[in-house]
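Construct the entire structure; sequences and hints are all you get.
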Amino acid sequence: MRKEWKQFWAQPQYWTLFVAAELIFVLVTLRLLEGWQDIPGMIFFIMAFNLLFLLYGAEQARLETRYHTPELVSSLPYAARYYGSKLLFWVSHAALWYAIFLGSLLVFLKFQLHNELSIAIVKIVISYTFYNWFVPFLVSMILGYALFTLWPSLVTYAVLVAVWILLSPYNHYVQLLPSQLFPWLAVSDVNFSITQHIYVTEHMIVNDGARWQRGLVVITAVAVYMLVIPVIRKLKVMRVLIPLLIIGIVLIPLLAPNQQISDISRGTALESNPYQSNDYEIEAYKMEIRHPRHDHAFSYTAEVSISTKSNEISFALWGTIHIDSLSWNGKQIPYTRSGNWVSLSLPKGSPGEGTLHLETSSEAYSDVNPTSFELLPTLPWYPMHPDEALDPMGHAKKERYEIKLNAKGFGGLVTNLTKGPGGTLSGETYGPMLLKARYERKGSIVRLVQYSQRTADQKWQSISKIVDKLNKQMKADVKLPQQMYVVSSWSLFSANPDAIFVTPLQISLEEKIRQTLFRQL
350 MRKEWKQFWA QPQYWTLFVA AELIFVLVTL RLLEGWQDIP GMIFFIMAFN
400 LLFLLYGAEQ ARLETRYHTP ELVSSLPYAA RYYGSKLLFW VSHAALWYAI
450 FLGSLLVFLK FQLHNELSIA IVKIVISYTF YNWFVPFLVS MILGYALFTL
500 WPSLVTYAVL VAVWILLSPY NHYVQLLPSQ LFPWLAVSDV NFSITQHIYV
550 TEHMIVNDGA RWQRGLVVIT AVAVYMLVIP VIRKLKVMRV LIPLLIIGIV
600 LIPLLAPNQQ ISDISRGTAL ESNPYQSNDY EIEAYKMEIR HPRHDHAFSY
650 TAEVSISTKS NEISFALWGT IHIDSLSWNG KQIPYTRSGN WVSLSLPKGS
700 PGEGTLHLET SSEAYSDVNP TSFELLPTLP WYPMHPDEAL DPMGHAKKER
750 YEIKLNAKGF GGLVTNLTKG PGGTLSGETY GPMLLKARYE RKGSIVRLVQ
800 YSQRTADQKW QSISKIVDKL NKQMKADVKL PQQMYVVSSW SLFSANPDAI
850 FVTPLQISLE EKIRQTLFRQ L
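According to the working numbering, the sequence shown is numbered sequentially starting from 350.
No wet-lab data here; the hints were simulated from the structure. Take these hints with a grain of salt, some might be off.
[Said to hold, decoys possible] Calculated cross-link-like contacts (lysine-lysine; reagent style DSS-like; alpha-carbon spacing at most 27 Å): (1) K658 with K746; (2) K791 with K472; (3) K680 with K658; (4) K753 with K818; (5) K791 with K814; (6) K791 with K818; (7) K585 with K635; (8) K828 with K746; (9) K635 with K753.
[Claimed, not checked] Across the chosen pairs, the derived CB separations fall in these ranges: (10) Q822 with Q625: 27 to 37 Å; (11) I591 with D612: 36 to 46 Å; (12) Q864 with Q802: 19 to 29 Å; (13) K791 with P846: 17 to 27 Å; (14) R868 with H671: 25 to 35 Å; (15) L437 with L466: 30 to 40 Å; (16) L372 with I514: 21 to 31 Å; (17) Q864 with E661: 44 to 54 Å; (18) G679 with L526: 47 to 57 Å; (19) Q864 with L372: 52 to 62 Å; (20) D817 with G384: 29 to 39 Å; (21) S542 with S621: 28 to 38 Å.
Glycine residues also receive a C-beta, built at the ideal position from the N, C-alpha and C atoms.
What follows is the structure, given as C-alpha cells:
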C-alpha cells in the first residue's frame, strides 16, 4: 500500500484534482449550508466527487494497461498480494478524502455557522456521511478500475458515465430503469426530499435498508474486481468465494428491507363519531407493540378492560390501522367501521365488564417510519374512548397500561410510562406516549434534534403568549401543561393535561390552541 501512495503523490495531475475538489467543497459549503440539516442538499455536489473517483480508478487501470503491468505482475509469485494491496489503498484513499471533507464540514458548522453540535448530532452527521460519501467514493474507484480493466477502450469512459448516472439519484428523475430497481442502485440518500420537511424523524438517519444496499454495492464492486483480474480469479479459494458472493448479491434485494420511504398521505383528521355509543369506561390496557423497521409498518395486540352499561360500544381508531381480529371475552364478534371509528355490538346477556381483544396491523401510518415512531397519547393509533379521542384535554382520563414493546433501541425511548426489563412499560397515565427517535431535553421542553433549541423556545413563547391573550379575552384561567414536545407528527398540535405536542411548521397556532385548550369554554 505504501507503494501506491508514493505513486499517487508522484503524480501531481491527480492529487491536484483532489485538492482542488476539496477547495471547491469548502467554497460551496460556505455558500449553500445554513445548518447541519442542509447536508443532504449537497447530494448532487457529492455526485461530482463520485465521478472524479470513478475516473481516477479508470485512469489507474489505463496506465497499468499502457505499461503492461498486469502481465508483469502475473509472473510474480505473490501477484495476488499486489491486487489486495491496491484494494487496501483505495480504502485508505477514500478514507483520507472523506475525513478531510468531514472535518472541514464539522469545523464550518461549529465555528462559522455556530450550530449546536451535540454528541447525538455529530453521530448523525458521521453516520450519514459515511454511508453517503465514503461508501460511494470507494465503490466508484473499484468499479472504475474493474470496468476499464475488463474493457480497455475510450468507449469505456462513456460506459463509466452511464454507470455513474445509474448509481446516483439522477436515475430517479430521468427514469432510465424501472422505479423498483432505483432504491437498490442508488448509492445515496434517496429520501432527502421527503425527510427534510415531512418525515423529519428520519432526516439524515441511515435506515436498515440503506445499510443493506450499501453492503450490496460494496460486495458487488469487490466481486466484479475479483472476476476481472485473472490472477485472483484463478485462485482456488475463488471457486468457493465467488459463488457465495453471487448468492449474497441475489438474496439481499429479495430479503432485505427497501431503503426508500414511501410518501403516503398525512392529511388525516378525526371526524365526529357517527355511532354515538360511548356509555362505557376503559379501565386498563395490556398491549404488545411490534415495530419491524420497514417503511410505515407496525402492529400490535391489545386487551382492553372495559366496564359498560350498554351492548353498543364504539371507539376511535385510525382508518389506516387494519383490524385483523376482534373479540369480546374470547369470542369473535362482528364490527363495522366508518372512517376513523369502529362500532361493535356485544352478545346479548354479556356481563357489564369484559375484555376487548384486538389484533391490528398497518403499513401506512405516517407517524411510524423505518427507524423511528411517534405514538402520541392524544391520537387514536390505539383504541380510544370517543370522548377522549375528540377532546383529549377536556375529557382526559387516566388508565392503567402494561405494554411490551418489540422495537430496536428501547433504551432511547421517550415515554410517560415506567420502563421495565425486557422492553416492558407500565404505569397509569393519560394515554401511552411512545417516542422513538433522536430527542434532546432542556427543562420542560423535549425536541427532535432535527429542530433547534431556538426554534423550540420560540414555539413555547408563542404558545404562552397566545394562551395569555385568550385567557384575557375569554376571562378564563387555562393553565398550560408542564411539558412541551416538539415532534414531527402530522397532527401539528395536540395536548392533554400532562403535555403539549407541537410541530415547528407554520400553522394557525391560535386557532389550534383555541380548539384544543379552550374547547370547554
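**Q.** Violated constraints from the hint list, given by number and in increasing order
**A.** 4, 7 and 17
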